[in-house]
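Asker: Heads up: the protein sequence lines correspond to chains A and B, in order.
Under the numbering used here, the first residue of the first sequence carries the number 38, and numbering increases by one thereafter.
Under the numbering used here, the first residue of the second sequence carries the number 50, and numbering increases by one thereafter.
Honestly, the hints are just simulated from the structure, not real lab data.
No experiment lies behind these values; they were computed from the predicted model shown.
Positions of the beta carbon are idealized from the N, C-alpha and C atoms, including for glycine.
Take the hints with a grain of salt, since some may be wrong.
In the BS3-like style, the derived pairs of lysine-lysine whose C-alpha atoms are separated by at most 27 Å in a straight line are [as the list claims (entries may be wrong)]: (1) A:198 - B:77; (2) B:275 - A:183; (3) B:67 - A:281; (4) A:183 - B:144.
Rough simulated footprint, nothing fancy, chain B against chain A, three-plus residues with beta-carbon under 8 Å [said to hold, decoys possible]: (5) 120-130; (6) 157-171; (7) 192-202; (8) 251-261.
Chain by chain, the residues run as shown.
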Amino acid sequence: MKRVNQALPSIVVIAVVVALWWALVVLADSVIFPTPWQVIQGTMELARDGTLWEHIGASLMRVGVGFGIAVAFAIPLGLWMGWVRGAFVTLNPLFQILRPISPIAWIPIAILWFGVGNASPIYLIFIASVFPMIVQTTAGVHTIEKRYLRAAENFGVPRAKLFLHVVIPATLPDIIVGMRIGLGVAWLVVVAAEMIALRSGLGYMIMDSRNAGNRYDLVVAGMIIIGLIGLMLDGIMRLLEGMKNVRWRYAH
Amino acid sequence: MPTKISIQNIRKSFEADKGRLEVIADLKFEVNDGEFVAIVGPSGCGKTTLMNIMSGFLQPDSGAIVIDGRPRTKPNSKGILITQQGSVFPWLTVKQNLLFGLPDDLPNRDALADEYAALVGLKGFENNYPHELSGGMLKRAEIARALVVKPEILYMDEPFSALDALMSLRMQNELLRILAKEKHTVLLITHDVEEAIHVADRILVLSPRPARIQASFDVPFTHPRKLSSPQAQALRVAILKELGVEETV
């Protein structure tokens, strides 16, 4: 009951926005911009003939692969840069220069290098999500409280144990924050990348719906689905924050 | 009793805004094996610096820490430091914390961890995370983690100062109960004169900065001690006088 009460104001706001949208479309007597009902009908149509699931699957696959490679790359690198001062001093300036470049700016180069297949959006997702995760992981190692490192030193444990039981778990909450940011950016980017040059994915679906006969009901449907899946992905990452061995950082 | 720790003419100064700040000046004393020595001093007199040097985390400018006849320069598991802040790893359970300092190939490490959790009264909390424990329980976990590796020396730097007065007193009793079962050499730094009289065999009073040993008091009372006894009160007044606080009983 408490959850319902908490969710109530946000549900009301969404309902008001949808109602307003509906009313304005009707009042403006628009023929191109769809009403919410037309969007739902369009979504059902795509769901029935199966193309919707193909587009969703294609987008998620690209995000999964690109983000997965970025995680596998960023976390070890971030830990190394956090622990070894020389690595940080050497690599950090480069990453700080690359980081603010919008992934969209990489699109021409991605097409040049990887063509218009799956490799381009995967590369863009990698580029977009890898830097926040490196930066966050590195910062996580840097902010390990000295008292914990001293305690580990006091017990004289081997280096491998120090890493496995102190450095990595102490950094884990920051790694998860980095992954949350990284996945969010990855989802933003896949849609943008698919708008350029692909034949599948939610981004393609949106552009294709407009180009092939001004199907704005499907454009809006695509946008809403992107929003909902993004919310779901963030929810999955938030589940990681609930793990017992990282809760010490989030719960007070 | 043989000498366990010999602090030999320690000096330490730090770079400060106005030239060098001399924190410890020619400090020396000895601690016998199994002795419980408390060090009290005015705040800012360099107590924590001294503790960091004694436990091996900080190097003195000159002088030496000699343990069992051998100079010691780095921290090791023969002497465990317990601080006011505490350092129980929040990402490990109580049990995992206790296992941390034990070598992976120690055959009975699991049973040992359980035994020490029980010794400090944390039976049933082995699988809890530190943030699920109270401040007093967290201190017990810290003490258990220190003792389970069978150290020869405990370095305690204001271990109970972050607890409320009642809990602090309770933990002092707990410490005495545990030490009665397992004899250790203990060096305790505290600002609390009553705490020192309650637990220590001997009390050293430090001078204001730069720290030197200004006075030494034996505490000849048997346990359990009554702090309200006239002798204990007289000792308290004498120590406070050394610290520059005049007080009548």
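Asker: Look at each hint and say if it fits the structure.
Answerer: To see whether the hints hold, each was checked on the structure:
Annotation: proposed proximity of residue 198 of chain A to residue 77 of chain B is violated, straight-line Cα distance about 37 Å (limit 27 Å). For a cut-off of 27 Å, the pair hint linking residue 275 of chain B to residue 183 of chain A is broken: about 39 Å separates their Cα positions. Restraint check: the Cα-Cα separation between residue 67 of chain B and residue 281 of chain A comes to about 48 Å, which exceeds 27 Å; the hinted pair is violated. For the hint linking residue 183 of chain A to residue 144 of chain B, the alpha-carbon distance of about 22 Å falls within 27 Å, and the restraint holds.
Only residues whose C-beta sits within less than 8 Å of a C-beta in chain B count toward coverage, and the stretch 120-130 of chain A has 0 of them, not enough to reach three; the restraint is violated. With 0 residues bearing a CB less than 8 Å from a CB of chain B, the stretch 157-171 of chain A misses the requirement of three and the coverage assertion fails. Given as covered by chain B, the stretch 192-202 of chain A passes the check, having 5 residues with a CB less than 8 Å from a CB of that chain where 3 are the minimum. Coverage of a stretch by a chain is defined here by at least three residues with a beta carbon nearer than 8 Å to that chain's beta carbons; for the stretch 251-261 of chain A and chain B the count is 0, and the condition is violated.
Hint violations for this structure: numbers 1, 2, 3, 5, 6, 8, all remaining hints satisfied.
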